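2 protein chains.
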Amino acid sequence: MTTPPNKGTLYLVPTPLDFGCDTSVPIADVLPQATLRVASGLTHWITENAKSTRAFLKRVSEFAPLGLALQDMQITELPREVHKKGDHLGEFDAKPLLALVLKGQDIGLVSEAGMPAVADPGSSVVMAAHQLGIRVAPLVGPVSLLLALAASGLNGQNFAFVGYLPQDSAARLQRIRELEMLVMKTGQTQLFIETPYRNKALWEALLKGLQPNTRVARASGLTLQNMDVQCYAVRDWRQSNGIGDTPTVFAIGR
Amino acid sequence: MTTPPNKGTLYLVPTPLDFGCDTSVPIADVLPQATLRVASGLTHWITENAKSTRAFLKRVSEFAPLGLALQDMQITELPREVHKKGDHLGEFDAKPLLALVLKGQDIGLVSEAGMPAVADPGSSVVMAAHQLGIRVAPLVGPVSLLLALAASGLNGQNFAFVGYLPQDSAARLQRIRELEMLVMKTGQTQLFIETPYRNKALWEALLKGLQPNTRVARASGLTLQNMDVQCYAVRDWRQSNGIGDTPTVFAIGR
Numbered sequence: 001m002t003t004p005p006n007k008g009t010l011y012l013v014p015t016p017l018d019f020g021c022d023t024s025v026p027i028a029d030v031l032p033q034a035t036l037r038v039a040s041g042l043t044h045w046i047t048e049n050a051k052s053t054r055a056f057l058k059r060v061s062e063f064a065p066l067g068l069a070l071q072d073m074q075i076t077e078l079p080r081e082v083h084k085k086g087d088h089l090g091e092f093d094a095k096p097l098l099a100l101v102l103k104g105q106d107i108g109l110v111s112e113a114g115m116p117a118v119a120d121p122g123s124s125v126v127m128a129a130h131q132l133g134i135r136v137a138p139l140v141g142p143v144s145l146l147l148a149l150a151a152s153g154l155n156g157q158n159f160a161f162v163g164y165l166p167q168d169s170a171a172r173l174q175r176i177r178e179l180e181m182l183v184m185k186t187g188q189t190q191l192f193i194e195t196p197y198r199n200k201a202l203w204e205a206l207l208k209g210l211q212p213n214t215r216v217a218r219a220s221g222l223t224l225q226n227m228d229v230q231c232y233a234v235r236d237w238r239q240s241n242g243i244g245d246t247p248t249v250f251a252i253g254r
Numbered sequence: 001m002t003t004p005p006n007k008g009t010l011y012l013v014p015t016p017l018d019f020g021c022d023t024s025v026p027i028a029d030v031l032p033q034a035t036l037r038v039a040s041g042l043t044h045w046i047t048e049n050a051k052s053t054r055a056f057l058k059r060v061s062e063f064a065p066l067g068l069a070l071q072d073m074q075i076t077e078l079p080r081e082v083h084k085k086g087d088h089l090g091e092f093d094a095k096p097l098l099a100l101v102l103k104g105q106d107i108g109l110v111s112e113a114g115m116p117a118v119a120d121p122g123s124s125v126v127m128a129a130h131q132l133g134i135r136v137a138p139l140v141g142p143v144s145l146l147l148a149l150a151a152s153g154l155n156g157q158n159f160a161f162v163g164y165l166p167q168d169s170a171a172r173l174q175r176i177r178e179l180e181m182l183v184m185k186t187g188q189t190q191l192f193i194e195t196p197y198r199n200k201a202l203w204e205a206l207l208k209g210l211q212p213n214t215r216v217a218r219a220s221g222l223t224l225q226n227m228d229v230q231c232y233a234v235r236d237w238r239q240s241n242g243i244g245d246t247p248t249v250f251a252i253g254r
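If you're matching them up, the sequences are chains A and B in order.
The first sequence begins at 1 in my numbering and counts up one residue at a time.
The second sequence begins at 1 in my numbering and counts up one residue at a time.
Since the hints were derived computationally from the structure, they do not count as laboratory data.
Just so you know, not all the hints are guaranteed correct.
[To be verified] Derived CB-CB ranges, DEER-like:
{"id": "1", "chain 1": "B", "residue 1": "T195", "chain 2": "A", "residue 2": "K185", "range": "23 to 31 Å"}
{"id": "2", "chain 1": "B", "residue 1": "F19", "chain 2": "A", "residue 2": "A170", "range": "45 to 53 Å"}
{"id": "3", "chain 1": "B", "residue 1": "P212", "chain 2": "A", "residue 2": "T186", "range": "40 to 48 Å"}
{"id": "4", "chain 1": "B", "residue 1": "S24", "chain 2": "A", "residue 2": "P96", "range": "52 to 60 Å"}
{"id": "5", "chain 1": "A", "residue 1": "P65", "chain 2": "B", "residue 2": "P212", "range": "27 to 35 Å"}
{"id": "6", "chain 1": "B", "residue 1": "T186", "chain 2": "A", "residue 2": "L102", "range": "44 to 52 Å"}
{"id": "7", "chain 1": "A", "residue 1": "Q105", "chain 2": "B", "residue 2": "A50", "range": "21 to 29 Å"}
{"id": "8", "chain 1": "B", "residue 1": "A69", "chain 2": "A", "residue 2": "P96", "range": "55 to 63 Å"}
{"id": "9", "chain 1": "B", "residue 1": "A170", "chain 2": "A", "residue 2": "G242", "range": "26 to 34 Å"}
{"id": "10", "chain 1": "B", "residue 1": "Q74", "chain 2": "A", "residue 2": "A170", "range": "50 to 58 Å"}
{"id": "11", "chain 1": "B", "residue 1": "K58", "chain 2": "A", "residue 2": "P96", "range": "30 to 38 Å"}
{"id": "12", "chain 1": "A", "residue 1": "R235", "chain 2": "B", "residue 2": "P212", "range": "48 to 56 Å"}
{"id": "13", "chain 1": "B", "residue 1": "Y232", "chain 2": "A", "residue 2": "A69", "range": "32 to 40 Å"}
{"id": "14", "chain 1": "B", "residue 1": "N6", "chain 2": "A", "residue 2": "D236", "range": "32 to 40 Å"}
Just so we're clear, the structure is a prediction, and the values are computed from it rather than from any experiment.
Here a beta-carbon is modelled for each residue, glycine too, at the ideal position from N, C-alpha and C.
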């Protein structure tokens with residue numbers, strides 16, 4: 001093991017993709033035992049949102065008793081700026097959040113859904129851990145981007161995730177065409193996401209703005225009962241394929 | 001549910017990242033219950049390698065009885081060309097492999113390790129399923145690229161996976177500098193992999209070819225006992241940080 005002596009470990013703890021809204025899928029169906037075991041034993045957390053972390057821990061406790069009563073857990077929220085602007089620009093110094101880890105305390109990093117620090121805040125904490133010589137251990141769980149990519153049938157040997165597209169319709173169209181150009185030139189699949197209530201606007205812009213032969217995938221409700229993944233060339237998508245407001249990952253490729 | 005009537009489902013079944021070599025980590029520690037349950041019930045498989053799939057199913061059977069004795073399973077290997085050249089170029093028509101699925105048979109797609117169709121063959125099968133109107137259901141399990149990305153602390157809001165770098169040292173150096181330029185211009189984290197016995201050559205080329213401020217991450221032995229993830233600016237990596245020949249994901253970012 002490479003754990004530096006006397007320091008704790010930063011565990012990256014993935015959470016279910018249901019945002020706590022569809023708890024009909026048991027947590028052990030999407031998180032393997034090692035993840036549940038580690039999560040149940042941790043007493044210190046860094047999170048996007050303390051409330052959803054408490055709800056997550058309540059679900060974990062049905063699988064394994066928690067190391068500490070919920071109200072005694074130390075749950076620290078990342079500051080608002082980190083949520084909004086992302087935290088990979090080096091402006092936020094997360095080292096103070098890891099003070100106890102230097103003294104031997106293990107700590108968990110979580111986001112609202114899926115893997116922390118992937119399409120979600122958290123990378124500043126991980127970066128700080130490396131700078132402090134703290135061991136970083138990512139745990140297995142659902143990652144919507146990769147489930148979507150695999151299920152799209154698009155090129156999985158060369159792909160990119162580019163976050164959100166612009167909201168302004170002209171800027172969005174321009175970005176869509178830029179991404180399509182990249183696909184055509186390099187074959188690199190381009191993945192992106194949208195705030196669910198804007199799914200419809202994005203979807204219509206895609207079908208209107210892309211070339212007829214470009215393939216478009218959309219993956220909704222991943223790991224949930226209503227999971228739906230489809231991928232066709234633009235010309236083969238039908239008007240009838242409406243889109244709802246469940247969290248969706250979009251991808252274009254050739 | 002969106003399953004078309006009378007057709008089976010194509011399940012994308014992730015496997016442990018140990019390539020069957022380090023079975024000291026129990027399979028239920030990296031695959032959640034839904035994945036194990038579905039995998040144990042499937043009797044038809046499409047795979048990179050039938051031998052490793054049988055070994056995988058033997059491990060699954062310790063968790064849940066298989067739907068059929070191993071020797072009675074129908075396990076179809078993808079053709080060699082698909083392994084070598086990848087199967088996202090549309091040259092290989094996988095539709096015949098799904099003939100039984102059109103008649104109602106469920107089928108599993110697996111690769112040697114991790115998620116099929118991500119940095120591994122399989123996308124031709126998924127594409128064929130979409131074309132045939134067959135439901136595609138990705139299951140949760142370990143994906144080395146995303147574990148590595150999260151644990152690197154590099155930008156997880158904008159990233160790309162670009163596969164393997166060239167083997168020729170001059171071409172490799174050129175590619176490394178191209179990727180670094182992309183990082184500097186766009187902030188997009190660049191992930192790549194190497195055949196393990198070439199880890200050392202790639203690692204030396206990275207430390208030699210990149211700018212001192214560029215951050216480099218390497219993630220080895222993900223989910224295994226000897227897991228080791230580190231990320232520093234090039235100037236902070238030390239000669240003493242040698243690299244072994246365990247499967248490693250590399251990333252550069254700023």
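TODO: Determine which of the earlier numbered hints do not hold for this structure and return their numbers in increasing order.
DONE: Going through the list in order, the structure violates hints 3, 4, 5, 6, 7, 9, 11, 14 and respects the others.
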